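8 protein chains.
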Amino acid sequence: MSLKQQLESDFESRKHWALRRQMGIPNNRRLWVCACMDERLPVDEALGIRGDHGDAHVFRNAGGLITDDAIRSAMLTCNFFGTEEIVIINHTECGMMSAHTDTLVRALREKGIDVDKVQLDPDLPELTLREGSFGKWIKMFSDVDEVCARQVEYVRNHPLIPDHVTVSGWIWEVETGHLRPPHFRVGEKVNTNKAMGAK
Amino acid sequence: MSLKQQLESDFESRKHWALRRQMGIPNNRRLWVCACMDERLPVDEALGIRGDHGDAHVFRNAGGLITDDAIRSAMLTCNFFGTEEIVIINHTECGMMSAHTDTLVRALREKGIDVDKVQLDPDLPELTLREGSFGKWIKMFSDVDEVCARQVEYVRNHPLIPDHVTVSGWIWEVETGHLRPPHFRVGEKVNTNKAMGAK
Amino acid sequence: MSLKQQLESDFESRKHWALRRQMGIPNNRRLWVCACMDERLPVDEALGIRGDHGDAHVFRNAGGLITDDAIRSAMLTCNFFGTEEIVIINHTECGMMSAHTDTLVRALREKGIDVDKVQLDPDLPELTLREGSFGKWIKMFSDVDEVCARQVEYVRNHPLIPDHVTVSGWIWEVETGHLRPPHFRVGEKVNTNKAMGAK
Amino acid sequence: MSLKQQLESDFESRKHWALRRQMGIPNNRRLWVCACMDERLPVDEALGIRGDHGDAHVFRNAGGLITDDAIRSAMLTCNFFGTEEIVIINHTECGMMSAHTDTLVRALREKGIDVDKVQLDPDLPELTLREGSFGKWIKMFSDVDEVCARQVEYVRNHPLIPDHVTVSGWIWEVETGHLRPPHFRVGEKVNTNKAMGAK
Amino acid sequence: MSLKQQLESDFESRKHWALRRQMGIPNNRRLWVCACMDERLPVDEALGIRGDHGDAHVFRNAGGLITDDAIRSAMLTCNFFGTEEIVIINHTECGMMSAHTDTLVRALREKGIDVDKVQLDPDLPELTLREGSFGKWIKMFSDVDEVCARQVEYVRNHPLIPDHVTVSGWIWEVETGHLRPPHFRVGEKVNTNKAMGAK
Amino acid sequence: MSLKQQLESDFESRKHWALRRQMGIPNNRRLWVCACMDERLPVDEALGIRGDHGDAHVFRNAGGLITDDAIRSAMLTCNFFGTEEIVIINHTECGMMSAHTDTLVRALREKGIDVDKVQLDPDLPELTLREGSFGKWIKMFSDVDEVCARQVEYVRNHPLIPDHVTVSGWIWEVETGHLRPPHFRVGEKVNTNKAMGAK
Amino acid sequence: MSLKQQLESDFESRKHWALRRQMGIPNNRRLWVCACMDERLPVDEALGIRGDHGDAHVFRNAGGLITDDAIRSAMLTCNFFGTEEIVIINHTECGMMSAHTDTLVRALREKGIDVDKVQLDPDLPELTLREGSFGKWIKMFSDVDEVCARQVEYVRNHPLIPDHVTVSGWIWEVETGHLRPPHFRVGEKVNTNKAMGAK
Amino acid sequence: MSLKQQLESDFESRKHWALRRQMGIPNNRRLWVCACMDERLPVDEALGIRGDHGDAHVFRNAGGLITDDAIRSAMLTCNFFGTEEIVIINHTECGMMSAHTDTLVRALREKGIDVDKVQLDPDLPELTLREGSFGKWIKMFSDVDEVCARQVEYVRNHPLIPDHVTVSGWIWEVETGHLRPPHFRVGEKVNTNKAMGAK
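Residue numbers (our numbering), protein chains in the order written: chain A, 8 to 206; chain B, 8 to 206; chain C, 8 to 206; chain D, 8 to 206; chain E, 8 to 206; chain F, 8 to 206; chain G, 8 to 206; chain H, 8 to 206.
The hints are simulated quantities; they were obtained by calculation from the structure and are not laboratory data. Model, not experiment: these values are computed from the prediction. Check before you lean on any hint, since a few could be wrong.
Which residues of chain H face chain C? A few of them, derived with a C-beta cut under 8 Å, are [as the list claims (entries may be wrong)]:
no., residue
1, GLU92
2, VAL197
3, GLY204
Pairwise CB distance ranges (calculated) [what the hints assert, rightly or not]:
no., chain 1, residue 1, chain 2, residue 2, range
4, F, HIS23, A, LYS118, 29 to 35 Å
5, D, MET30, A, LYS118, 52 to 58 Å
6, G, GLY184, D, ILE32, 54 to 60 Å
7, F, PRO169, E, GLU91, 55 to 61 Å
Covered, in the sense of this in silico footprint (three residues per stretch, anywhere, with C-beta under 8 Å from a C-beta of chain G), are these stretches of chain D [to be verified]:
no., region
8, 68-79
9, 127-137
C-beta: ideal position from N, C-alpha, C; glycine also.
Chain A with its partners taken away, still in its complex shape:
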């Protein structure tokens, strides 16, 4: 092979990388991830992927929650960018469990904010919340295993997400550095002979 042919091939690869979206090339794993924005959640390490180098579209928000923005982002990647699998990651000791909704709303009001009148999306005044729902919009929750399991269902049933998409949900344990399915904690089975089921 002449060097000319090799350089042409190299350039073609570079073009395919940079112009992926307009050329209709999906991400490497055809994967969309929804994860919490927490600084203790190493998404790539947890999933064994290289999300930042081509493998996946990684959506992250406070809580790793299926909001309207999550639906918008998943709708785009699944319907228009070739994605075929969704993985949701919540995590233990999430900030969303660190306080009660009332505590937060009261604190904001004390700062002088009128939570019922605030425009939620600064670029989309058409998006509105029924009065009195501001606290619910913050989405604090009380049990991470339940939230994770429920969100898998939300996505599976949403009309904007195609039926053939594979969906699963996982809990990242910040205290162990491992992923687990909801409602199954290895740590619960190891501390006493009763937990271990001794006969």
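Using the hints provided, position chains B, C, D, E, F, G and H relative to the given structure of chain A.
This is chains B, C, D, E, F, G and H only, laid out in the frame that chain A set:
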């Protein structure tokens, strides 16, 4: 120092990591990042941080846009988790510029979806969109430099974001692998003697 | 320095290593460790020492328990080999909690072993067990945190262990790969807003 | 393979590691090691195994001796945890040869300890020693090769150890950093033409 | 194989390296490169070759231009040293576009240099320039893509370069660290939905 | 320092690298190198610089000769790009010594080339050679030490090169992989007691 | 394979290494090297062997000369230790060419040494030198290529060296760091077109 | 510093290395080593020097013995090349102890060699052996510790070795991979309580 003292100190560090949020410890850089979910945007590398290992809360959605979910997430971290700086990253060749809104809406309708009736947030029926605004809610855009600059303003002026928070916006160039401020492209200044300003 | 002097000094070091015990040189950390023999307990890594390369005398048995052999070994190192600190490590999911004493004794009897007549120490017939105590001698236990805390007391109060020796006890979590003090599990505080103490 | 399937498989592996004992999984080499607690005896390096990372149950006490505790530990692993091989390691320049029993007993008495009344196992008063046997219980010895060879026999013949278990004994030479069988010292054959058997 | 045979073979290799030219051995890739002398143009990295360790003859001058010296050098390697491919590299932001010819000539005259009388080649007075052509001889240019494309034609058509030689031309982008063909800039296609060709 | 300030500083550095020439920034060592294009001459390694990563302007042609193109390139860098030192490298076993001029000229004529009419520079017909000088223009030479020493003088005395520029010349020995000054070969002094000057 | 079998095999290997000579095991390459003791002659690197780790018997003296001691050493290894190849290495700039014999003898006499009466071998008074031969015994020489070639013949013809042994001689060039056969210097062929044999 | 100055300094270093002997530069450690040629004796590793890269003159023969050749080589380096220290290394399991002299002489005679008439040094017929001394000339020995100690004395007292030279002797243990002084074996002190001197 006895080994006992050393082990006690090690355990204390581990506890501080795992229980950060309930102990009121902020992330290492007191930083919130808003970035696109694109697979070609390596957030940590672009910013020179270790977001996944303690440095920042990293919010990502389709486009890296300031949606209501972005405001919710930023509000939480700036008001309750100790964050003091916001960095917004958009990127060239974003999927949000790869098609026109009308094309997408038409495609969804052809799949049988009634875009005016769909519940946007599966967990929050109280959140609604004025009829006919579905296309605008997708948030396709036409010029990444303008979007980036405008979003910095949205955040600076939003009532839920404290005034003392530092805010800046950047464009990640997928074609160069570098970050730049909006409206300044190094590549525009290098190709002809006219671009180079020869005298 | 001539090479001769250097080689003499090197030889002296080697002699000090090989003849440590007869020259009265203690181990590097003046440390005795008592740990379970389990294959999932990496003693050096857990303690941040190099026990196998000079740092400590490492005693290990089934359970990491303070038996008569443990007392014998600790007595020798603390009274005659210069040791001044003791660290005890038990671990979660220990085999000593995997069954009840009765189950084991019955199994041995079914193999034809007369557990009341067996000579426990093949080299020391003078060591005997009161009849009916064989099951207790196996030392199965039911709660690893309690065992660990109790063993620290045993050692602190034993007449063969000098009073000035520092003693501490730790639990190795096989499910997290971390050490913790007895009765404090980080993992218990992270799963719901109730566990996290949300206000 | 979808990422979901991969994550499920990863979780299964983790569970098998953490819950080994209650799931009836043996250590990787089905091996029990009895070794001295000396700080110059690098067990893993000597045997070419990773004892601390799953390969073996490693019992260690003062001398690497077959005490009642050694029998207890070996009995558990061979009868209940799937072990099928036993390796015993003694070592040269062992502290157990560094003094005579009388010297030690006298020294303890001078510290005010009544060696005939001391309770050997703080958790098992049922275990007793015939009066006057305390010195023998310490188990000082005079020839490491003989001790090693003898201990192999003790284990082979003990009723609590199943007959099919493979047993071998080795001497670790602290002065060479190598293992050898008892009664065969390479170093004895190299120093004069007589030792070398010159013809 | 005896060591003697091995040493003979090693010596033969060394001789073939050192005496390449007189033994008629071509460079490894049978390649001649013409590149700018700029300090930001890493020739080996750009081409994926090891030009400095046997792969190519690398010609470099101000601009990477096909001068009479370039023709002389290419003529020698293609006709007498076995070369069969030519690659030309120009680069963005070249110093040759940083000023206009007139500016430079005026500056030299102000230093007292008589540009019409200067002997261009200090070893070859037979080489002369038509009066008034000094400025053109400096070879400042205005558009790097055009220059690159034109130079490929110059080489393909020059009588001193054999017809069978493969010739290609490339632009090194100092702003991206990548090579591209002339007249195709990836960066032009990524910034707005218009550039991206959104439908 | 906020991340914003750090990103601004990073961008400034990148701009300074890419726009060096138009911003008037010299190369790192203010150095111009003239070297042969030979594939056995590793310029960076020979000089201990990183020429391809900012350190120098590296001119290379057949022979490493001071041609009119060399003068043009040196003139530009010394007068307009901030260069203050010149290093010339010739090398042993250069192709320019591998044949006599007549042999080459005859070979070209046999290929049907009219060497007296050929246009030397395809882009500069104003550059001409006195008839019959074609062979001299090829610049074959007979002694590399002499050529190197002479070229240093050519550059020192040329009107287009400023007087304050430091100039030196070196021979790269392909047979040893080392640089030496002209007319001093270490290898000549080592083979017999006569060469070594034994007394 | 049980660990017992593996440890037995490991011990066997160690015994074979340590007791090589009495067990009749040759060195790995069945090789004897004769080299100068000079500090610039890296024998292993020069030959591509690991002489110090089992590959060869390496004889070294002042000059790398075939003395009676060299014959004694080669006789032993070739007749009794299984060696089948001999490699001799002399080197350029050897100290043996750095002075004339007379100069040295005079210097020793000036120190008060009676060179005709000195006992050469302190352990073998039976070894004597004909009077007046002391200077010759020092073995200074004048041409390293000649010495090397001659020594190969000495060894090939000596009655104490078996005929089937392969013998070769090489010159190490301290100025290039390469080995060459006697009477062939690559460096002689590279400096002028005459040396290069230009036509 | 200009690059010119740096290249001049580099060249000076290279000259000093290659022309050491004629410029009167000693080896780096002013050291002469006498060692056995055995393939299990890693001289550099044993001494912690880089003998092959400038540190020492390394003499090696069968046995590491002080022969006339050793005296010749030591005389040269100590009197003329600046050496000031001598280190002698013998080793355990040396081939020189693997057989009795008579066995070897008989074996040579059986091959048809007339050991009384053989010319020992092929280049020095003036060197002769008293008849009947051939066997003694082979220098087999019976105790390596005695030989090592005795050789130190030979060198200290030899008239050709200056008095101020430091001399020491060491035994390399092939069975341990360590150096020791003669008559002191660490391995002798570690095997029984008697060897360890227990009280």
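Status of the hints after comparison with the structure:
no., hint, in the structure
1, GLU92, "holds, 5 Å"
2, VAL197, "holds, 7 Å"
3, GLY204, "holds, 6 Å"
4, F:HIS23 to A:LYS118: 29 to 35 Å, "violated, 43 Å"
5, D:MET30 to A:LYS118: 52 to 58 Å, "holds, 54 Å"
6, G:GLY184 to D:ILE32: 54 to 60 Å, "holds, 57 Å"
7, F:PRO169 to E:GLU91: 55 to 61 Å, "violated, 41 Å"
8, 68-79, "violated (count 0)"
9, 127-137, "violated (count 0)"
Violated hints for the displayed structure, listed by number in ascending order: 4, 7, 8, 9.
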